[in-house]
Amino acid sequence: MKIFIIEDDITLKNELITLLEGYGYSCSSSDDFKNIVQVALNAQADLILLDINLPYMDGYFVCREIRKDSSVPIIIVTSRATDMDELMSMNLGADDFVTKPYNTQILLARIQAILKRSNNSMSNTLSWNDVELDLSKSSLIYQNQNVDLTRNEMRIISLLFQNPGAIITRDDLMNELWQGGDFVDDNTLTVNVNRLRKKLEQIGLSDFIKTKRGQGYIL
Amino acid sequence: MKIKDFFADRLFVIIALIITSLMLYGTLAYFGLPLFVATIFSLLLFIIIFLSFAYEFLQKKSYYANLIANLDELDQKHLVSSILQEGDYQEEKLLEEILREATLSMNNEIQKFKVSQEEYREYVETWIHEVKLPISCIQLICENNKNQTTLSILEETKRIDNFVEQALFYARSQNVEKDYSIKKTLLSNLVSNAIKKNSRQLILNHFKIDLKELDAYVYCDEKWLEFIIGQIISNSIKYKSVSPQITFTAIKHKDFVRLIIEDNGIGISQKDLEKVTEKGFTGENGRTRSKSTGIGLYLCNKLCQKMNLSLSIGSNLNQGTAVTITFPTDSRTLLGL
Chain A
0 MKIFIIEDDI
10 TLKNELITLL
20 EGYGYSCSSS
30 DDFKNIVQVA
40 LNAQADLILL
50 DINLPYMDGY
60 FVCREIRKDS
70 SVPIIIVTSR
80 ATDMDELMSM
90 NLGADDFVTK
100 PYNTQILLAR
110 IQAILKRSNN
120 SMSNTLSWND
130 VELDLSKSSL
140 IYQNQNVDLT
150 RNEMRIISLL
160 FQNPGAIITR
170 DDLMNELWQG
180 GDFVDDNTLT
190 VNVNRLRKKL
200 EQIGLSDFIK
210 TKRGQGYIL
Chain B
0 MKIKDFFADR
10 LFVIIALIIT
20 SLMLYGTLAY
30 FGLPLFVATI
40 FSLLLFIIIF
50 LSFAYEFLQK
60 KSYYANLIAN
70 LDELDQKHLV
80 SSILQEGDYQ
90 EEKLLEEILR
100 EATLSMNNEI
110 QKFKVSQEEY
120 REYVETWIHE
130 VKLPISCIQL
140 ICENNKNQTT
150 LSILEETKRI
160 DNFVEQALFY
170 ARSQNVEKDY
180 SIKKTLLSNL
190 VSNAIKKNSR
200 QLILNHFKID
210 LKELDAYVYC
220 DEKWLEFIIG
230 QIISNSIKYK
240 SVSPQITFTA
250 IKHKDFVRLI
260 IEDNGIGISQ
270 KDLEKVTEKG
280 FTGENGRTRS
290 KSTGIGLYLC
300 NKLCQKMNLS
310 LSIGSNLNQG
320 TAVTITFPTD
330 SRTLLGL
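Chains A and B are the protein sequences, given in the same order.
The opening position of the first sequence corresponds to residue 0 in numbering that gives the first Met the number 0, with each subsequent residue numbered one higher.
The opening position of the second sequence corresponds to residue 0 in numbering that gives the first Met the number 0, with each subsequent residue numbered one higher.
Isolated chain A (complex conformation) (with noise of 0.2 angstroms):
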């Protein structure tokens, strides 16, 4: 999946590339905010970020420039936050729109749901150790044997994922499930893990999420 992002302050730009694409996305971008709406389109890509405060034009003319030679999906980034502002980058043909400071879970969720929306047929996979999680399908697949997981296994596995060698701690975790909408406790969260651990004993895979004792896990 590809995404062309545009932005013009280069840190923010960089830390957003390094971000996505830590998530499996590739990403683009270009300094040419003259002929930006070209460049974007020339891009080809399946998803662009935009921002509202660029030079040369704003984000809602280039917006509606797009709009006018592509249907590519829009998410509008910006820090004015009235609805004003929502209401304009909706008119224009945004598929969505996120205020500044975003929280990254629910910029790579809204990112992922349009994706979804856009593109029935993409297969969005993150692979580790010939262990493939399957993000659209919800599925974990280790030598063609494939067992499904629930939401909340889903999120806990792929955040391990996303983050693999890495000490992930319960709080993380439990945050993660929290962005899902499931402000669980402590006890479900321990709950989880091993009902997630069994199922990946059942196709092959035992001792694949680690404790670390006092820390957290490790895929």
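It is worth saying that the hints were derived from the structure and are not from the lab.
Here a beta-carbon is modelled for each residue, glycine too, at the ideal position from N, C-alpha and C.
Heads up, some of the hints might be wrong.
To be verified - List of simulated lysine-lysine pairs, DSSO-like, C-alpha gap at most 30 angstroms:
| # | chain 1 | residue 1 | chain 2 | residue 2 |
| --- | --- | --- | --- | --- |
| 1 | A | K211 | B | K157 |
| 2 | B | K301 | B | K111 |
| 3 | B | K195 | A | K211 |
| 4 | A | K115 | B | K145 |
| 5 | A | K115 | A | K67 |
| 6 | B | K111 | B | K211 |
| 7 | B | K195 | A | K209 |
To be verified - To be clear about the criterion: a stretch of chain A counts as covered by chain B if any three or more of its residues have a C-beta under 8 angstroms from a C-beta of chain B, and this derived list gives those stretches:
| # | stretch |
| --- | --- |
| 8 | 89-101 |
| 9 | 162-173 |
Let chain A serve as the given structure and place chain B on it in line with the hints.
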């Protein structure tokens, strides 16, 4: 205007009048007119001039009584010059002119402050939008380089973001114009979003969240209400006790929906309770626990008032605090928004 005061003002004229009458009487008597004719002439002089005084008194009394009555009915007393009626006397005309001039100058002065206040508000709003960019950058940098240090930076950045958000809503709450939009919204969505925004802090402090029957629709501005709930949550975090918990309950009535946000924190003492929504009030908790600015609840209350919602706070010391927000569902109330 009292008759006594009126004549007290004219004491010298009256004394002069009496002297003149006496002099007239003396002069007429000296020239040999019969005494009773002299008496009649001098009395006549006295009475004619006295009557003209009485006439003036009645006219002035009615003018000022009218003015004072109008002033009493007037909501904004400084607008008095516009209800002045044309007076008959020079003094009244002079008074009118002075009042008009004073009002005009004051209106100009007020206008100056209005403009400068509006400019300041605009500046604050712009500044807030600008400062959000570096905050976003810091957050992303931390998310991309997760470790113990960046996690702490992320926490602190969240605090900055909360303060910035508070400043934004403060600037908006001072605005006389209506800059919110009331929509029909599912209460559970509002509560969920507010919890998600504060999830890190809540998890870090091991909060247990309990949601009860929140499938009610309410009329409010989503962003404002999420901010209000967020402020209440952050208070619960600040003043937490052991095994902290927050319960969100909705109660549906015929004419209104109530959202009750209840925690099991350290509570607020009865003497502080009635003052917690006052601007700048910090109370015992704010002084002895973490530093408080006394803005949070004041702002919540103010924003609620603007949206025609009511906010009430109940608390038992060492047991917890319950904040209740009441949303009218009666269409007649909603028409006013």
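**Asked** So which hints don't hold here, by number, going up?
**Response** The structure breaks only hint 6.
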